[in-house]
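Here is how the chains run, residue by residue.
There are 2 protein chains.
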Amino acid sequence: MLQMRLRGGSLKFYDCKTAPSPRRVRIFIAEKNIDCETVQVDLGNGEQFSDWYKAINPDCVVPALELDDGSCLSEVLAICDYLESRFPEPALFGVSPKERAQILMWNVKVEQQGLASVADAFRNSARGLANRATTGPVSYAQIPELAERGRSRVEQFFRRLDEQLANNEFIAGDRYSIADISALVTVDFANRLKLSLSSEAMNAKRWYEVVSGRPSAAA
Amino acid sequence: MLQMRLRGGSLKFYDCKTAPSPRRVRIFIAEKNIDCETVQVDLGNGEQFSDWYKAINPDCVVPALELDDGSCLSEVLAICDYLESRFPEPALFGVSPKERAQILMWNVKVEQQGLASVADAFRNSARGLANRATTGPVSYAQIPELAERGRSRVEQFFRRLDEQLANNEFIAGDRYSIADISALVTVDFANRLKLSLSSEAMNAKRWYEVVSGRPSAAA
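As given, the protein sequences belong to chains A and B, one line each in that order.
Start counting the first sequence at 9; every next residue gets the next number (the numbering used here).
Start counting the second sequence at 9; every next residue gets the next number (the numbering used here).
These are computed hints drawn from the structure, not numbers from a lab.
Check the hints yourself; a few may be wrong.
[As the list claims (entries may be wrong)] Simulated restraints on C-beta separations: (1) S207/A with D59/B: 39 to 47 Å; (2) E45/B with P152/A: 40 to 48 Å; (3) A134/B with R15/A: 51 to 59 Å; (4) G78/B with N53/A: 52 to 60 Å; (5) D43/A with A134/B: 34 to 42 Å; (6) P96/A with E55/B: 20 to 28 Å; (7) A226/A with T26/B: 45 to 53 Å; (8) E217/B with L201/A: 42 to 50 Å; (9) S220/B with P66/A: 24 to 32 Å; (10) K213/B with V103/A: 38 to 46 Å; (11) S104/A with A99/B: 35 to 43 Å; (12) P96/A with L201/B: 20 to 28 Å.
Given the structure is predicted, the values throughout are model-derived calculations rather than measurements.
The beta carbon of each residue, even a glycine, is placed where N, CA and C say it ideally should be.
Excised from the complex, chain A in its bound form (with noise of 0.2 Å):
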């Protein structure tokens, strides 16, 4: 059967490839099949801060969402809530009001705990991120003491997600969510930091085989 593309509208992405937020967006726009119009912000140079991107989010971070009406979206979970609104289906955010609100917890407790921990390990050690600790217009010192505390929160949110794991089929119930795609990002990113789910976390790793093997992955 061929699988129809659904139309983005004007619909505009700014993303990076190689930058794990707007990788979440990339899944979640892979999975419900959009197909919309994507700007790759090159960080590496820098272009996160010029004015023509200032313009479209004054925070200096991806991923943004241009709208028809030309206004702009930024921070992930805004943007994913708007593509939901709009392509509810598959529904990444649950049906009930209950399995919403326990996706949203989910998604939460994987940003705070997870990607947060990975983000301060990560931004406060690499070379090429001196005084560029936090994301923003604003630079800051790196703090090695952070990154290290960074990592060992890390590994502190695998076994919670292997206990979660251990009576859920993905991570906020029976059904495949946005707080999947934040987890996936999150072991991801670890791995660049060579943290990675360890041998004994079985829930944690059968989850990963799945979640990793859909083709929204590879986005």
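Chain B: place on chain A using the hints.
Frame of chain A; chain B shown alone:
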């Protein structure tokens, strides 16, 4: 006119009167005039680490919400989203998909740039929180440099807030929303660290007068 209190059924809200995160939910509940049972969790005495509370939220943080079926939600965003579905009026997440996304976007910006910065500054410097630099079941030592960075980032966030409020009545546009609740709680939390909106931040100060003057702000 007598205001009717909405029936919260057997919802049970786990709160701590002195903590900023559950205050976000308290204000949300007050705006919607929901009548629900509230349980105080004594963070000062470590009740969040008790077995009974771990069964509510294994991450050992407040707030949490127990639903009619006995299942529990944690994380402010998830709890508020659930309450919004169940008690839609007044809308605190907007009404159209675009407005909702803009509110979610600003709520994320307030959390990441504002609230997380105040928390970094507070938890990494408060005497009573030695070895409690993060919330949750694992203990981490304070990082004084992170407290300093947090203070700088709070000031940067206050400037961002003022800029945004130069052209908007409320944080995400024309409508009071969860983003205003998050920002109000952030400003009041920062006050504990003697960080306040500068006298030059006229737009933010105008906004603060309005939102802190609403009856819900007493929650």
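Going down the list of hints, with the structure as the test:
no., hint, result
1, S207/A with D59/B: 39 to 47 Å, "30 Å, violated"
2, E45/B with P152/A: 40 to 48 Å, "46 Å, holds"
3, A134/B with R15/A: 51 to 59 Å, "53 Å, holds"
4, G78/B with N53/A: 52 to 60 Å, "54 Å, holds"
5, D43/A with A134/B: 34 to 42 Å, "51 Å, violated"
6, P96/A with E55/B: 20 to 28 Å, "41 Å, violated"
7, A226/A with T26/B: 45 to 53 Å, "48 Å, holds"
8, E217/B with L201/A: 42 to 50 Å, "46 Å, holds"
9, S220/B with P66/A: 24 to 32 Å, "26 Å, holds"
10, K213/B with V103/A: 38 to 46 Å, "43 Å, holds"
11, S104/A with A99/B: 35 to 43 Å, "19 Å, violated"
12, P96/A with L201/B: 20 to 28 Å, "43 Å, violated"
In terms of the numbered hints stated before, the structure departs from hints 1, 5, 6, 11 and 12, listed from lowest to highest.
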